[in-house]
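Asker: Build the complex from these two chains, which are given one at a time in their own frames, with help from the hints.
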Amino acid sequence: MNLEAIMDYMPQLLKGLETTLELTFASLFSGLALAVVFTLILSLRFKPLEWLVKAQILLFTGTPLLVQIFLIYYGPAQFKGLQDSFLWPLLSEPWFCALLALALNSAAYSTQLFKGAVDAVPAGDWEAALALGMNKRQTLIRIVLPHAFRRALPAYGNEMILVMKGTSLASTITLMDLMGYADRLNARTYDTLTVFTLAGVIYLTMTGIMTLVIRIMERRALAFSN
Amino acid sequence: MAVLFFNATLMTLGLALSSLILGLILATVFALLELGRFRILRYLTTTMVTVLRGLPEILVVFFIYFGSSHAIFLLTDEYIEVSPFTAGTIALGLIYAAYASQTIRGALMAVNKGQTEAAKALGIHTRRSFIRIVVPQAWRHALPGLGNQWLVLLKDTALVALIGSTELLHQAQMLSSKTFEPFTWYSVAAVIYLVITLISQKLLNSMKAKASQHERVVTA
Numbered sequence: 001m002n003l004e005a006i007m008d009y010m011p012q013l014l015k016g017l018e019t020t021l022e023l024t025f026a027s028l029f030s031g032l033a034l035a036v037v038f039t040l041i042l043s044l045r046f047k048p049l050e051w052l053v054k055a056q057i058l059l060f061t062g063t064p065l066l067v068q069i070f071l072i073y074y075g076p077a078q079f080k081g082l083q084d085s086f087l088w089p090l091l092s093e094p095w096f097c098a099l100l101a102l103a104l105n106s107a108a109y110s111t112q113l114f115k116g117a118v119d120a121v122p123a124g125d126w127e128a129a130l131a132l133g134m135n136k137r138q139t140l141i142r143i144v145l146p147h148a149f150r151r152a153l154p155a156y157g158n159e160m161i162l163v164m165k166g167t168s169l170a171s172t173i174t175l176m177d178l179m180g181y182a183d184r185l186n187a188r189t190y191d192t193l194t195v196f197t198l199a200g201v202i203y204l205t206m207t208g209i210m211t212l213v214i215r216i217m218e219r220r221a222l223a224f225s226n
Numbered sequence: 001m002a003v004l005f006f007n008a009t010l011m012t013l014g015l016a017l018s019s020l021i022l023g024l025i026l027a028t029v030f031a032l033l034e035l036g037r038f039r040i041l042r043y044l045t046t047t048m049v050t051v052l053r054g055l056p057e058i059l060v061v062f063f064i065y066f067g068s069s070h071a072i073f074l075l076t077d078e079y080i081e082v083s084p085f086t087a088g089t090i091a092l093g094l095i096y097a098a099y100a101s102q103t104i105r106g107a108l109m110a111v112n113k114g115q116t117e118a119a120k121a122l123g124i125h126t127r128r129s130f131i132r133i134v135v136p137q138a139w140r141h142a143l144p145g146l147g148n149q150w151l152v153l154l155k156d157t158a159l160v161a162l163i164g165s166t167e168l169l170h171q172a173q174m175l176s177s178k179t180f181e182p183f184t185w186y187s188v189a190a191v192i193y194l195v196i197t198l199i200s201q202k203l204l205n206s207m208k209a210k211a212s213q214h215e216r217v218v219t220a
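Residue numbers (the numbering used here), protein chains in the order written: chain A, 1 to 226; chain B, 1 to 220.
There may be inaccurate statements among the hints.
[As the list claims (entries may be wrong)] Taking CB as the label site, the calculated pair distances span:
hint : chain 1 : residue 1 : chain 2 : residue 2 : range
1    : A       : Phe86     : B       : Leu44     : 27 to 37 Å
2    : A       : Leu14     : B       : Leu44     : 23 to 33 Å
3    : B       : Phe73     : A       : Asp119    : 51 to 61 Å
4    : B       : Lys208    : A       : Ala120    : 15 to 25 Å
Hint data in this document are derived by calculation from the structure and do not stem from the laboratory.
No residue lacks a Cβ here, since even glycine has one placed at the ideal position from N, Cα and C.
Looking at chain B on its own, in the form it has when it is part of the complex (with noise of 0.2 Å):
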């Protein structure tokens, strides 16, 4: 039993962290959209966002998983299954993009316009202050709503579950039905999820000290 559930836990960690990483790299792009210079690539972003962050991500789930097949089998007339863990990644993937792309935008925005007038000022190259100078700013900003949305992203990988990868829950589900305590399979599941939040929550509260240690501290 031990063995399943610590399968099932990388399970669960590494559709999180897969996800994680291609939602931040979606994201980021999201975000970048939605500041530049192209009006119609900024609408069908804010549209794609605004339409991922009002549906159910059961639905968006299910869309990519059974949908992906469907539209490989209209466009090629062939039926090629998508692997649980590929949709589940790039399903939950988008949801945290379109979450974090707010996020990251808000960021890239609180950061002075003064800093890139003074990197300029002194001869320092658009991109170069943009990587050098604002990105290590605005991540400071973004530290505590990225943390955020990683805790939503752990608890909705319980989703691909029901497309059949066999992360916690699903392993809960399959113990269950095989010996008639579903109470106690479930708990143990609830239990490592718990596990794992605290310690995210630990890493990110340091994560945050670290980030915001150069910050003049106010007291009144």
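Just chain A, same shape as in the assembly (with noise of 0.2 Å):
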């Protein structure tokens, strides 16, 4: 490992930074969003969807992600009729396909921390709130899912980062992100150890930076308790 392959093989590297970048936010926006709609249906169990909700669960934190992607984006060729539909734009685009396993399985995930959470909070603040007069509606929405989301917050933070570790499993369909630069790379130089390790130094800068910022975000969130 020399300078000059580093100086040769930065750049190059750092051109799959942005892809990995918006994927990872991209996929933790749309699968926060599915989070919280499914912490409300499970919490107010409304009943047909309560059903869909925990069949998503179960196939989604049952599965490998890698699987989740492969059937995502390799899936639906199988099916002429969607092929001529207006959805198949969006399916035979890895970027999409990247984007729609990432955020499910982020979201199955999420909704695990937070129904947990939520069933963590004390009896006694929605007593407290039924007693001032709030359905069950209202309670839910303004005093238990605030309080159990800045709970969730730490575990939240460690799916951040799986989430970000994940995208890298993008590239095996044919994404360039960080990974998919630094694989390409591998292939034309061969020098294996030198390209990864650079790869890695950039992801662990990533993990580390986004592990500052999630312990900022914990210590406002909860500033007001202990």
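Answerer: See below:
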């Protein structure tokens, strides 16, 4: 590993950083939005929807993310009807498929976290809100959920890092993210140790920054407690 | 087809179990080093664990698989390929150990110090008291965490498909390109993963129940 090689490889790897970051934030954002809706459905026990959410969680937490990505990207080609439909431009787009898989995967894990946090809110909070004349839905949205989301923040921080690491799998469906460029560079130069070490350094820097940001968010969100 | 998937399932389970065994051994070593007396080893272990947890799993797998051949080439000038199974086991074992060592460390610290002191007062040798008194109690604390990480490990074995080991995902890939029925075969693989996960969860629950059968039940 010499300096010249590093100076040569680094700019090539950093070209993939934008895709990695975009995919991370887009998946986290859509995953979070879905997870909030799913948590509401589970907490309010909307009957048919509740079963659907439970099935979604079982499916997406019980199978590997890579299988989900392959199923979503390669799967639809089997159906002629889908290929002729308006969905095809989206489903043949690797970026969209990676986003869809990552968002659904993250939504499943996040819903588990949030539902656990909702269940952990002390019964006294519910009773106090009911005694003040609030109904179940008001209590959930105004009292319980804000409390639960704050409590779930440390665990959600881990989930954010898992999603960032998970975006690297998008390189397997031809998306040129950081891992995609690392792969290409490795295949071209055979300088495996240097290339993957540099890619690792970039990923570690991102994990480090995310950990710091999450810690600051936690401190803010839980500032009132203890 | 059934035979192919049966073999692939065995391969997935073999990968997962051998990674688990390697991972548990490494995790125990990491945990003891981190709790140990040598400051340099403590820092080195913490750094390694942090690095392993901060990297995408696919990068670790590729690093070990392609990197080991590269390293052997640099050292001996000979091109020797490491088998996907071996490379996968080492990579997944290391990743498992990075997470599990923290669980084991926490579990060991959660055992009340009075237990070791009481054993000492009874004249039980340090090593014996560690194995007979501390470990069984720590096991109870560690089991839920280790079980969750096993479920993660099981799913991470799919990554070894990318370096060419014929496990479930790779089998589905090969059949898909042969029959042009990707949805069917990836679904079959997904269902098998799901079944293994569900069986694992059942087993873990009964292990947890067994491990905590002596615990005092506090009823409100």
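Asker: Could you run down the list of hints and mark each one as holding or not?
Answerer: Evaluation of the provided hints:
no., hint, verdict
1, A:Phe86 - B:Leu44: 27 to 37 Å, "56 Å, violated"
2, A:Leu14 - B:Leu44: 23 to 33 Å, "29 Å, holds"
3, B:Phe73 - A:Asp119: 51 to 61 Å, "54 Å, holds"
4, B:Lys208 - A:Ala120: 15 to 25 Å, "19 Å, holds"
When held up to the earlier numbered hints, the structure conflicts with hint 1 and nothing else.
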